[in-house]
Amino acid sequence: MHPIVRKLITFVVTLWAAVTVNFFLPRLMPGTPADAALAKLAGNGPVSPAQKQAIEDTLGVPHGSVWSQYVSYLDDAVHGRFGVSYTYFPASVVSLIRTALPWTLVLVGFATVLAFVVGTLLGVLAAWRRGGGMVGAKQGSAVDRVATVGSTFTSAFPYFWTALLLLFVFAFKLNWFPIKGGYQADTSPNWSFSFIVDAAFHSVLPAVTILVSGLGGWLLGMRNNMINTLGADYVTFAEANGLRGRTVALRYAARNALLPSVTAFGMALGLVVGGSLLTEVVFAYPGVGYLLYNAVVNEDFPLMQALFLVITLSVLVANLIVDLLYGLLDPRARRA
Amino acid sequence: MNAPADPLATPIAPVVARVRGSRLPRPLHLFLRAANTVLANRMARIGAGILLVMVLVAIFAPLVAPYSPTDTGFGRSLGPSAAHWLGTTGSGQDALARLLFGARVSLLVAFAAGVLATAIAIAVGLFAGYLHGVAEETINFVVNLFLVIPALPLMIVIATYLPGRGVGVIVLVVVLTGWAWGARVLRAQTATLRTRDFVAAAEFSGERPHRIVFREILPNMVSLVAASFLGAATAAVLGEAGLEFIGLGSPDTVSWGTMLFWAQNDSALLTGQWAQILAPGLAIALLAASLSLINFGVDALSNPRLREGVAP
Amino acid sequence: MTLLSVENLGVVYEPADAQARVRSVRDVSLRIDDGEFVGLVGESGCGKSTLGYALTRMLRPPARLASGRVLFGGTDIASLSGERLRRMRRRGFALVLQSGMNALNPVRTVGDHFLDVLRAHERISKALVRARATELLARVHLPATTLRRYPHELSGGMRQRVVIGLVLALEPRLVVFDEPTTALDVLVQKAVIDTIKELQREVGFSALLISHDLGLVLESADRVLVMYAGRIVEDQPSADMIRDPVHPYTRALLGCYADPRAEHVRVAGIPGSPPDLSQPSGGCSYQPRCPLAEPGCGGAEPPLASIRPRSSAACYVTTRGASS
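Protein chains in written order, with my numbering: chain A, 71 to 406; chain B, 15 to 326; chain C, 31 to 354.
If you are wondering where the hints come from, they were derived from the structure by calculation, not from laboratory data.
Reference listing, derived: stretches of chain C covered by chain A, where coverage requires no fewer than 3 residues with Cβ under 8 Å from a Cβ of chain A:
#1 115-126
#2 143-151
#3 191-198
Using N, Cα and C, we set each Cβ at its ideal position, and we do this for glycine too.
Can you build the whole structure from these sequences, using the hints too?
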């Protein structure tokens, strides 16, 4: 079957699986899911009747068979009925997510893509400088060594630690950037120029965190891919035919080395999401990561489950885009 | 930093040389030679060194730590001082002692989760690569499912609903989300090896599938398994830290992630108790980094082009 | 006119592990004239590919030219570097790699390849490139539609032809074919070799055909060089070599071919294995496997001795009594 059709089917099926996991998890625990949730809430103090009702509505006091509950759950999911949040009662879960999601998409989307692009370019440079065995190029180089060692360290440090470090140095000690939030606490979001500038300012440290944490991995990956491609026959042949060094490096080596990097990008999206979540928590940045953190802390199950679905959906969509992009880049993947 | 290191001059080279002519069992022989190749890489040496220090700290913590980690007799939220190098926590415990003892939990989780996740990855990956048809497709789908669904949100959701809190829950959750990567890599390699002649020969001579998988195919994938283990262990360290930071670990555990949780809880950011945030954070980062660095050397095992001192 | 003159060439592999140092080409001298079709035969590891790469300045670390020199059209190619070397690839020497399978960039079409190759050396419009490419493809018996194809859409034989076509685009004076048919099946092999022979006749470039298949080379080349353990051990016109092989190794190689129409065939291999070039021994390197070996063979490597005006062999025993 056509590869695009296949990818769409996988997309839908995976989404369905995520929704199903969401449905079954609370029900795998002993007792009804509502009991479990109520018990946890009761540990923090008496539960109001409104909260009890909200919980039962969401998690379902079992009436009807599991199958009928499942079907109605699917129905709710498809129509975006995810219930009401405990923490921000009576705000609906959907409205909360709708507010938080754009912040995350802009921050994470921008920073991640930038990390990939810059990291990949530097990886090409590092491999080229290493000497890659190309006739006439110099062997070994400081650029390669520095880039490789540097990347290994920055990419091995977890996102949240880089976040903490940046927060400590640049916000707390040097006071160059704000310590928390997405915007100044006493303002509310609007489209005015001053607000946008303020928001941008608040997003610098989180963005740099994501950038620094991700860049090293792409650099190393691309460098290694380049080293492999530079040893390939088609590179040798291109040199033998007198193609200019830069043409060979870019159109022959890098262009092919890019393919596994793009694949890796798709696979790493899950990790990037995890890291960004924690980054948001450290900076109290008003995205879905911070929202999820609050949901966990307050045991706000409806919010938590909905966030899980939304995050998974975002990753799936991003994966789909990357897959399609790969199809454009690699003619061998276009087989109908 | 300029001349490539002589590949034979690793710290364990003398051991390897002595073992070479001796009659020790072959797997040990191969392991030492593989370790030698890995350690020839400068970064792997650095990583192994860091890891060794941490293991020693974990083992000898009672001897090195100034106080017991759970002793709450000290003043609360004190800043760093001569008596308490990293200050004390909100409950009056010595932070340095907690840091040193915390190594035990982090290393335990890394090792246990790494081993478990890799064991599952081997089982699933090898059989999925070896089988054909519906069985293979189904396994593939499940593996891809676990790969695509983002790990941290999934861990959070599962951990929230599991009864109880603690290291066991964390290991379980980390393994559940961490086995798929290795499984995919091993499956791909098995599928490639499966078409090779030596496997066909084994099949013709009547060997049973599970024997073929473990005695013919697996030995050819040692470096991938090693890389898989290191990757799983790294993910476990970071996953544990993340979960505990958010509060999904047991508050009583003495571990680096829990230290961060309490520091955050006790508003260490605002009171300036930065040592209690930076120290455990750095420890986690170094542990994860050391595993990644060693993995860098393992890459050289499977791809000779990346070995030091060998031209591309 | 002499196009290529090789004088006492030595190539050495020097990996970081000093114990693995190997002299893979030792004291090789040969000449190729304009329009001559020369074959180079030897078993795996004898250094023939290394020699081919040395002649086209494609050696990569850890291999390097250790001694001797290569004169192409009178110029010492070792003196070329950078831009001058790159320009020499056009109307100079060219290399056709083993297995055209992988010699083409998977993400560029055949047409793109011609564009890259032609534009690397002159400013030329796309339309003109397409015209030239179509013409060259026709020469290697490929249709013009091939231009739009990606390499993975072509068969192995077709890819090899594209590679030859690309090389022809550079109007080379010398083409080194490194095992061009090894990865192809027998029928396709013959087709590709026939195309090479036809092109060589038509266009008139000098060709060096490197192969382990002596029979194939004898059918195609005017003159054949036999290589063993890094040295040339025999150099004869093909017709003479078939009629009267001199070196025991050449004789043994020819003895490996059996007449398919014969009643009974005794298949004889060559006992033993090629020497380890990292441990050079004194004396003739073929001695351990040679049926004619004498005590005197252990002294020094026999030099190439001429037995007829255009034939020479490196053997003490079989060249005895011939004029020097």
